[in-house]
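*Asks:* Using the sequences plus the hints, can you model the full thing?
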Amino acid sequence: MSIQVKQRIALKIKRMGINGEGIGFYQKTLVFVPGALKGEEVYCQVTAVKRNFVEARLLKVNRASKFRVVPACALYEACGGCQIMHLRYDQQLDFKTDLLRQALKKFQPAGFEDYEIRPTIGMKEPRYYRAKLQFQTRLIKGKVQAGLYAEHSHRLIAIQDCLVQDKMTQAVINQVAALLTKHRIPIYDERRSSGIRTVMVRRARETGQIQLIFVTSSQVNLTRLVEELVGTFPEIVTVAVNWHSKKSSEIYGEKTEIIWGQEAIEESVLGYEFALSPRAFYQLNPEQTEVLYGEAVKALDIRGHEQLIDAYCGVGTIGFAFAKKVKSLRGMDIIPEAIEDAKRNAKRMGLTNTHYEAGLAEEIIPRWYKEGYMADAVIVDPPRTGLDEQLLATIVRYQPEKMVYVSCNVSTLARDLVQLAKVYQVDYIQSVDMFPHTARTECVVKLSKRQVNELL
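Residues 1 to 456 in full-length UniProt numbering are what the sequence shown spells out, letter by letter.
Since the hints were made in silico from the structure, they are not lab data.
Honestly, I wouldn't trust all of these hints.
With a straight-line Cα cutoff of 30 Å, these simulated DSBU-like cross-link-like pairs (lysine-lysine) come out [unchecked claim]:
#: 1; residue 1: 143; residue 2: 182
#: 2; residue 1: 370; residue 2: 324
#: 3; residue 1: 106; residue 2: 14
#: 4; residue 1: 6; residue 2: 60
#: 5; residue 1: 12; residue 2: 132
#: 6; residue 1: 60; residue 2: 50
#: 7; residue 1: 50; residue 2: 105
#: 8; residue 1: 50; residue 2: 106
#: 9; residue 1: 327; residue 2: 298
#: 10; residue 1: 325; residue 2: 347
#: 11; residue 1: 167; residue 2: 141
#: 12; residue 1: 143; residue 2: 246
#: 13; residue 1: 12; residue 2: 143
#: 14; residue 1: 343; residue 2: 132
#: 15; residue 1: 50; residue 2: 28
#: 16; residue 1: 105; residue 2: 66
#: 17; residue 1: 124; residue 2: 182
#: 18; residue 1: 449; residue 2: 106
Each pair of labels, with its calculated beta carbon distance range [what the hints assert, rightly or not]:
#: 19; residue 1: 142; residue 2: 390; range: 32 to 38 Å
#: 20; residue 1: 327; residue 2: 190; range: 49 to 55 Å
#: 21; residue 1: 59; residue 2: 223; range: 29 to 35 Å
#: 22; residue 1: 160; residue 2: 63; range: 31 to 37 Å
All C-beta atoms, glycine included, are put in the ideal place defined by N, C-alpha and C.
*Replies:* Next up, the structure:
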């Protein structure tokens, strides 16, 4: 390859990649250019030369796409939290549908050319949608700043007005940073590995209740800070501390302790209420969660006789939509606090046909089948890594009649469909834009068991 680092080249952008970058070809070599859009002619500088591709920095757009817009956020390029804010929103939705097609073409599960891929469902107002934030903290020139690391670095970008973050959570974190400074609370330092590392703020859409987690690597006294904070924001009902002493990139440590207020906040979705403890997972975009879960309910098409497994169930939210309609419901999640929430939520709803366990899906679900719980319907909502091979093998072996796969990563979804398509027909895939202005999307896949003659 004759391309050199710092070399400047002209490119025609052919398509956009999974991270929202523009992709072109130079001397038959793939070139990835963050910030470039499909159809544009650009001038860029090579920043890295890999074995099969090149990375480059956008210098100038010589011929702009008609869909290019000026990003509304002043921190857009520095922050890196959003990747495609410079693309008109309706075209963002088309891009996310195309990402799914690209992933399917790459992995080629059986019959992928004929899958019904429905247009991505977007938001009417794609701003201020994130009900949860996790900001890192640093002491900069005697003042505590809260924000996100610039992409591929440990350089903190202070954020005081994020266009995708819920306004109340942003106001809370701004006040937290000010109070951390005022009360001289120790802030994390990589050399000393001590102090407050991260602050999590989450707000329930329906009740307005707010919870916080201070992630710390050392003992800190937050009493006066919390008193002032809850005096300013009476919506705060839970304050917790998470102990994280290890030098790692993981956000949370193992132990979480409530230091003020109640154990959980109250939220609701699809008409039912549930509790969320600080560490429990819940979708970041409550408005679109109604859409996503509604699509999952339609796709599973429960008739009333089913034994259902809700894998990666969190606090039980998706499963609760089916609980009163099925014969029985079992759920599992790796976070013990989430499972305790699920049990409490089921009890408060008066459900007597549910069972929840904490642990790995790939260990628990095969055991359930071996113990005789022959689920004929399964809904999975795995992390971005997708389904574990052992869990995939269990599903393919026992072949529940119907299945819904809720995915947050089109690449691992397409990979997993290679195995699932051996015994299931993909009826359709519906993508939902849970994260406007980012390159991420969520998909609901409706799968139904193939007839015997189709498997032969």
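*Asks:* At the C-beta level, are residue 160 and residue 63 separated by a distance inside 31 to 37 Å?
*Replies:* At 36 Å between Cβs, range holds.
*Asks:* Range hint 32 to 38 Å: satisfied by the CB atoms of residue 142 and residue 390?
*Replies:* At 52 Å between Cβs, range violated.
*Asks:* Take a quick look at whether residue 449 and residue 106 sit within 30 Å of each other, Cα to Cα.
*Replies:* holds (24 Å)
*Asks:* Given a hint of 29 to 35 Å, does the C-beta separation of residue 59 and residue 223 actually sit inside it?
*Replies:* violated (52 Å)
*Asks:* Between residue 327 and residue 298, does the CA-CA distance stay at or below 30 Å?
*Replies:* holds (18 Å)
*Asks:* Are the Cα atoms of residue 343 and residue 132 separated by 30 Å or less?
*Replies:* Answer holds: residue 343 to residue 132 is near 23 Å, not above 30 Å.
*Asks:* Take the C-alpha atoms of residue 105 and residue 66, compute the straight-line distance between them, and say whether it is at most 30 Å.
*Replies:* Within the cut-off at roughly 27 Å; holds.
*Asks:* Below or equal to 30 Å on CA atoms is what counts here, so check residue 124 against residue 182.
*Replies:* violated (40 Å)
*Asks:* Decide if the proposed pair is consistent with the structure: residue 6 and residue 60, CA atoms, cutoff 30 Å inclusive.
*Replies:* holds (15 Å)
*Asks:* Between residue 106 and residue 14, is the straight-line Cα distance small enough, at 30 Å or below?
*Replies:* Answer holds: residue 106 to residue 14 is near 17 Å, not above 30 Å.
*Asks:* Holds or violated: residue 60 and residue 50, Cα atoms, limit 30 Å.
*Replies:* Within the cut-off at roughly 23 Å; holds.
*Asks:* Compare the distance between the alpha carbons of residue 50 and residue 28 with 30 Å, and conclude whether the hinted pair is satisfied.
*Replies:* holds (14 Å)
In terms of the numbered hints stated before, the structure departs from hints 5, 13, 17, 19, 21, listed from lowest to highest.
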